[in-house]
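2 protein chains.
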Amino acid sequence: MRFEALRRDVKTKARLGVCHTAHGSFQTPAFMPVGTQATVKAVTQEELRELGYDIILANTYHLYLRPGHELIKKAGGLHKFMNWDRAILTDSGGYQVFSLGDIRKITEDGVKFKSYIDGSEHFFTPESVIDIEAAIGADIIMAFDECPPYPSTYEYAREATQRTHDWAVRCKEAWSGKQALFGIVQGSTFRDLREWSAEFISSLDLPGNAIGGVSVGEPKPSMREAVEWTAHLLPEHKPRYLMGVGTPLDIIDFVMLGIDMFDCVLPTRLGRNGSMYTTYGRINIKNARFIDDFSPLDPECDCLVCRNYTSAYIRHLYKSEEILAARLATYHNLAFYQRVIRGIREAIAADRLADYRREFLSKYSVGAELKQETVS
Amino acid sequence: MRFEALRRDVKTKARLGVCHTAHGSFQTPAFMPVGTQATVKAVTQEELRELGYDIILANTYHLYLRPGHELIKKAGGLHKFMNWDRAILTDSGGYQVFSLGDIRKITEDGVKFKSYIDGSEHFFTPESVIDIEAAIGADIIMAFDECPPYPSTYEYAREATQRTHDWAVRCKEAWSGKQALFGIVQGSTFRDLREWSAEFISSLDLPGNAIGGVSVGEPKPSMREAVEWTAHLLPEHKPRYLMGVGTPLDIIDFVMLGIDMFDCVLPTRLGRNGSMYTTYGRINIKNARFIDDFSPLDPECDCLVCRNYTSAYIRHLYKSEEILAARLATYHNLAFYQRVIRGIREAIAADRLADYRREFLSKYSVGAELKQETVS
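Chains A and B, in that order, are what the protein sequence lines are. For the first sequence, the numbering used here begins at 1 and goes up steadily by one. For the second sequence, the numbering used here begins at 1 and goes up steadily by one.
A couple of the hints might just be wrong.
Same chains, same label: a pair holds when it works inside one copy or across any pair of copies.
[As the list claims (entries may be wrong)] Using 20 Å as the maximum straight-line C-alpha spacing, the simulated EDC-like pairs for lysine to aspartate or glutamate come out as follows:
{"no.": "1", "residue 1": "K286", "residue 2": "D118"}
{"no.": "2", "residue 1": "K114", "residue 2": "D205"}
{"no.": "3", "residue 1": "K73", "residue 2": "D85"}
{"no.": "4", "residue 1": "K80", "residue 2": "D293"}
{"no.": "5", "residue 1": "K41", "residue 2": "E321"}
{"no.": "6", "residue 1": "K11", "residue 2": "E236"}
{"no.": "7", "residue 1": "K172", "residue 2": "D131"}
{"no.": "8", "residue 1": "K363", "residue 2": "E346"}
{"no.": "9", "residue 1": "K74", "residue 2": "D293"}
In short, the hints are calculated from the structure, not lab data.
In isolation and in its complexed conformation, chain A is listed as follows (with noise of 0.2 Å):
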């Protein structure tokens, strides 16, 4: 994988940058949408490609135990398995390992965890998940790390980043070379332990750096501590992923400091449970509001969606829970995050950042979308 960095924001650390991979390029900054089980909830690979996308995530936790990666590699990839034909990114299951795993034992060597879906026992190392992230084949694989809570002591933080630091080292040595391993940063919401963990993971030289153990409950100040902290220390010429993250404003905000690639299920989750995205700020389809409402969800949306189905429809189905409701509302909901990065790629081409960011919340309610939990 090649990183160009095409131009940076003369305001803020902003970059427009282009990500070349065996699957085709991608422009950053960029959204990845969260294609969990091998499928972006409720939408086809044709959809997401018609949306615009050029990069989407996996999950190795989930693909790992179900359907084992061993099946995707006969499969001849999750590529071929899945047929997306552009770039895919794995993550290395160290965030679902601690938050959905039931967790028999951490040590030194890796983590022996239950199975949610038939509760039999597993054991993940970063050799294993190397290994696995290699079966599955993406263009971009995450470094196996240990992703506290929040909140963590800062004992126990200091452990798991030096663990994730070990791991990381570990992951590196079983690494190919092939696919572009990237490492993360933790250390919590401790400043020391996250500038140790920056240092760290730079200092490995791997093709790109994330920032992780963000998004897990803390407040967003935390999170953009985090972010302040070790976005400035992690190299220039190479791509910055904060991951789970986030809300459309929380990735302006993070685009501005140097940040280039996200993903979230805000778009695709919140779409599920009918509470979609416009240029005014979120709605939530169930409300009264909307039982007569024969306009479009975004009046500034020229989405399939937007072009060919009143609020009105949507909440009749969302009501009913049918299933095209949350083909909608996801649909819907991905053109707006498109929307949104596209909005960002131009105002940096322009020198215009902030100014986006002004307009931006000029319409949309903050109120809104501050209120809106993290999810990851």
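Following the hints, put chain B in place on chain A, whose structure we already have.
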């Protein structure tokens, strides 16, 4: 609505025709996907068009209860509400009132029933149903009938048939003439009642005629008898619609008896349940033999799903309870039905429908088809 019978198969009673409606024409024999709640479950209206469907069915009973016919009227009718610019047929709610409804009382005047959504009480009369169907605004509307269960006593079936006739007369009187009103033949499994009903309904001289009260749990030979006894009594120059039928083989067989229109939940419901139609019979994607089957669901199908996705992938989606499984399975099954319907039309045009049936069965697993329950 105008029906043109274009051609009659030489060896069978099959006809090739075309119905001209205010929302475009549809060829017959026609299969109508079921869009109970103003959506054919799991697919979009754009996909239905792409699949070649020119007419769909919607359920008056469901739409009356939710979102309500007044809202649909306010939206400009069902076509506008759901953004479907081709033909729509609404059933009368008769079948649903008698099968889903918690019936409180049947009188000569109408039926009092409880909503399956909230238990509220409602009263349908022939006149109110015609008004509701007018508000919904379908191109073809069905008369309000009483659909007796299987089995029924002769006495009850006779009474229900008499009521169906009385109600058909009242529907005709309440009808504005703007939509195409079809009468419904009842009579359960009794030959004299079926013949009496076919003659009476035909005598009303409505734009089309339907055979109802089939596909209610009776054995296949009884369903066939109901059609054999009545189809030839229904006028040649008007479309004949067999309600709630059927499997692909049923459709071929009943086209041979002179039926022009069909609707059935099988392709959509079975798809959601992981059962897909193929040239070689129906398959259950849950079956372990598909775990590593990297070929399409049906090697002879050129639908989008078969071009882009493998059985192994769809099985994984199904096992993972992903919405995309329902989408892909439904799309494929509707493509299969459309392929059969087109095969039937081409065969009639070439005077070789009996050959088409033989060719279809030579590949299709009859065993699987015959084991299939009747679902309506």
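Now the hints, each set against the structure:
no.	hint	result
1	K286 / D118	between (35 Å within a copy, 17 Å between copies)
2	K114 / D205	neither (33 Å within a copy, 69 Å between copies)
3	K73 / D85	within (16 Å within a copy, 45 Å between copies)
4	K80 / D293	between (42 Å within a copy, 13 Å between copies)
5	K41 / E321	both (16 Å within a copy, 10 Å between copies)
6	K11 / E236	within (16 Å within a copy, 78 Å between copies)
7	K172 / D131	within (12 Å within a copy, 72 Å between copies)
8	K363 / E346	within (18 Å within a copy, 56 Å between copies)
9	K74 / D293	between (49 Å within a copy, 10 Å between copies)
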